[in-house]
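**Student:** Here is how the chains run, residue by residue.
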Amino acid sequence: MIEEIGTTEQGDLIINVGPQHPATHGVLHLVITLNGETIKKIEPHLGYIHRSIEKMCESLTYRQFIYTTSRMDYLSSHINNHGCALLVEKGLQIEVPPRAQVIRILMDELTRIASHILWWGAMAMDLGAMTPYFHAFRERELINDIMEETCGARLTMNYQVPGGVMADIHPNFQRRVKDIIKQLYKKLPEYDELVTGNTIFKARTQGIGYLSKEDAISYGVTGPSARASGVSCDIRKLYPYEGYEKLNFQEVMHTGCDTYSRYLVRMIEIRESISILEQLVDNIPEGDYQAKTKAVLKLPKGEFYTRVETARGELGVYVVSEGGTTPYRIKFRSPGFSNLCALDHMTRGQKIGDMVAIMGSLDLVIPDIDR
Amino acid sequence: MWSLSKITDIIHSWLTETFNPTWTLIIEMVIVGVGVIGLFAVLGLILVIMERKVSAYMQIRLGPNRVGPKGMMQSMADTVKLLVKEGMTPDGADKFLFNFAPFIAMIVAMLLMAPIAFAKDFQIWDINIGVLYITAISSLNVIAILMAGWSSNNKYSLLGAMRSGAQIVSYELSAGLAILVIVVLTGSLQISDIVAAQANGWWIFKGWLPAWIAFLIFMIAVTAETNRAPFDLSEAESELTGGFHTEYSGMKFALFFLAEYINVFIVCGIGATLFLGGWMPFHIGNWEGFNHVMDYIPSSIWFFGKTFFLIFVIMWFRWTFPRLRIDQLLNLEWKYLLPIGMVNILLVTVIAILKWHF
Amino acid sequence: MFLKEYISDVAGALKSLFIGMKRTGYYFTHHKEIITEQYPDNRATLVLPERFRGEVVMTHNENNEHRCTGCTACELACPNGTIKIVTKFDINAEGKKKKAVDKFVYHLELCTMCNLCIQACPTDAIKMAQTFEHSVYDRSLLTKVLNKPDSKLQEGVE
Amino acid sequence: MTNEELITELTTIQPNLVPEAGGEWPNFFVEAADWPKLAQALRFKDDLFFDYLFCLTCVDWKTHLAMVYHLSSTRHRHNIVIKSKLNREKPEIQTVCDIWRTAEFHEREVYELFGVNFLNHPDLRKLILPDDWVGYPLRKDYEDPINMIKL
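Residue numbers (this note's numbering), protein chains in the order written: chain A, 1 to 371; chain B, 1001 to 1358; chain C, 2001 to 2158; chain D, 3001 to 3151.
From the derived model, a few chain B residues whose C-beta atoms are all more than 10 Å from chain C:
(1) Met1029
(2) Pro1069
(3) Phe1096
(4) Ile1284
Okay, the calculated bits of chain A under chain C, using three or more residues with CB under 8 Å as the criterion:
(5) 146-152
(6) 160-173
None of these hints come from the bench; they were simulated from the model. Just so you know, even glycine gets a beta-carbon here, dropped at the ideal spot from N, CA and C.
Could you put the whole structure together from the sequences, leaning on the hints where they help?
**Tutor:** Rendered as structure tokens:
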């Protein structure tokens, strides 16, 4: 069942893309075997920025290890933190106050919007259009400003702690969220004008990087990339956490299986996230923002697994506890790593320019892959 | 309408009186050479700052604004930076070809300057096959790119150069066909004749639909021929990092960079000459007063105005569109531009024979 | 019909391109929309939100007194070993030996601004400052002693 | 299928499975030798249909290594955890990357970080670490005085 490993013949061109290359959005190293312009095989070589977060976490307490996860997938750091906080809460059976839950969801969705918007710009930039990148940053900056005001940092927030959130929302928070909703409604049609409808963009993405439903499941692809292949895998719907079950939103699915449908799924997901924001921003319940927790957290002996839906897919946090203050073994099932598995399969036989488009549509964040 | 021919005539007659004919020719060539190089430098500076400003405003940012008033001296600073940078030659490179390629790119760009009419009666060489000369010389550009790509001993460069070869060779056809439309309408290959034929109206207005289509095809084809986005496959930075000039640095890179901008200027100048009347002012039918006012604007301003407008359009393309893929690029040429261009030339021949145009 | 399809294809493609060009053309002519911030020039007007986490500082009141008891809660809470507290024994008014902070050493180069030390501090002795221009030429300058020289523990803080 | 049904179903397929109490999902210990057969059954039996391997990892228990496979079914939406104890000196287990393709990369990761040898893996090379790296960093007894910072 495994595709046979592409063989290197006389006349094949082997090029190294990365670790420093504009298309890899960071430091992914791909060894590509080319026949002319056609890709025969892609071999990812990882580890350029591997920090061994899993090993580090073994010596950090349950309060401390959360901050390292912000550095994994830095574009959805909030959701990573959320997953870890959920795990600790699950182990200690802490009830999170409703106010904290709503704040968490609001922050998660803002992060998701920011991540998808940045991805939109980066995807267009991969395909050679520079302008959308800057337009994307305009909206993203507004979201980052909200983060800065409430969480204290723009990218690596470390706002979610076991039991709730670190601080209450800023008094300006609701007003600014409403502003950003208004702004997004105004600017999203422009995104479509610039990129979605563009005939060159369509030609570059339609029918490229075909990933069938069976392959998507088999390769463990999750998130928008898998939903574009018709796989229902939104953790927010399947295994709801933090009251996502009470919200009214759609799991965005598409059956195109190609790069363009992956693009469309993310664009619609931005709108779904906005609708979640609209439902919650005026209905933040009063109460505590953090449950009372002990100063030293000790998870009972056993194994715990939580999954959250980050902007890129399913993040699983697997902790084996020996009953101490630090995890015995921790494993982050990062969405980027699994999505990367499918890259070779999707790019075989495509042109080198398509490889860039496919990588863009998978939305790879390299620290998430390398951890 | 005043003309620059008086000045050139005075210089020429003074030189012929003072020196013998050989020396006159040599001195005139030196003057022209110095003039062209000066124009190159000025154009390079202007176009670089223009590109940066255009891109900045389209990308809702300010662009360079620190060096000089409103950042106008930025390209000077860039030049100085490139001049003092070490010009490296990779170890495995074919040293002669590697160092020679940027000069070919420059020489080709310089040669192309010759038949362009910058103003009324102000032309370096009014050769009778002007248009043919331009199409012939501009194809030499691909040699420089292939040379640079091959000699760099870099796989990215090689891929970029190969792409560029395929691209330039195919797009020359449609550019040629688009130019041919105007040649058919005018009945001459000489630039001065083509400009003179537009005295009572530019071809884009007089030539009806075929001229419009030809203009569109011309703009697309020359964008591709000068390797500008969305056809910048030979230097596609998200795929091939820098394409054929990946290994170049310092002044050698600057020469490529400059040659690209000069090429853009030249093709836009040709576009302005062929379709927008060159240095001819804008006239409307019988509006005598209006036409008179237009005549007072110097002819060189008309030429440069039109050229810079076309350059702006090409920059506009670049900062709006994503890049095509190599097979789509060739598809566009062979499946769309070339058939349309051929039908167009048939159409225009009929129009020209039946004298349907003005 | 092939020809009809062909022409509508070309027309549709051109239309989509013109829509995109209209958008960039709009921004080219509307300079109000520019969002660039001229950073070093606007330093005077640049206001960072009060929660922004720039670096850890220790608050001192006007009598040069701080609130740090040297309990090392922050040192234990820090995931990176950013904080090192050197304690000494003071003799207080009643003649008893009492543990007090001698040097609150803070390694800014290791700090990830995670705010865990601030949360852990029982006496609110440290807080996050809004400074953000931390670059220096010598790395040793980033190792700071947060308690000011000759500063004392504030009265009444246990 | 509920957890109880899953447990009974699986014990009929593989009688020497050892169910483990606790955890949210059914946990089983399987002998490394029985794993390929069980994996085939898990993946291709219609009422099980575990087509999605969402986490593959290894835990170093100092006395032995334990492979942990988290499986899920996109059709029936049930989850299961399969574990397998491996000898710490010579850890070997059959690969599952012909059944779940995502295992290819995950197994390579486990191979270099824990030193588990996956039999019949098509391309078992180091993925993250440099080729000349000695030792298995995620094992508990791994010491690297140069690169490890102990707090």
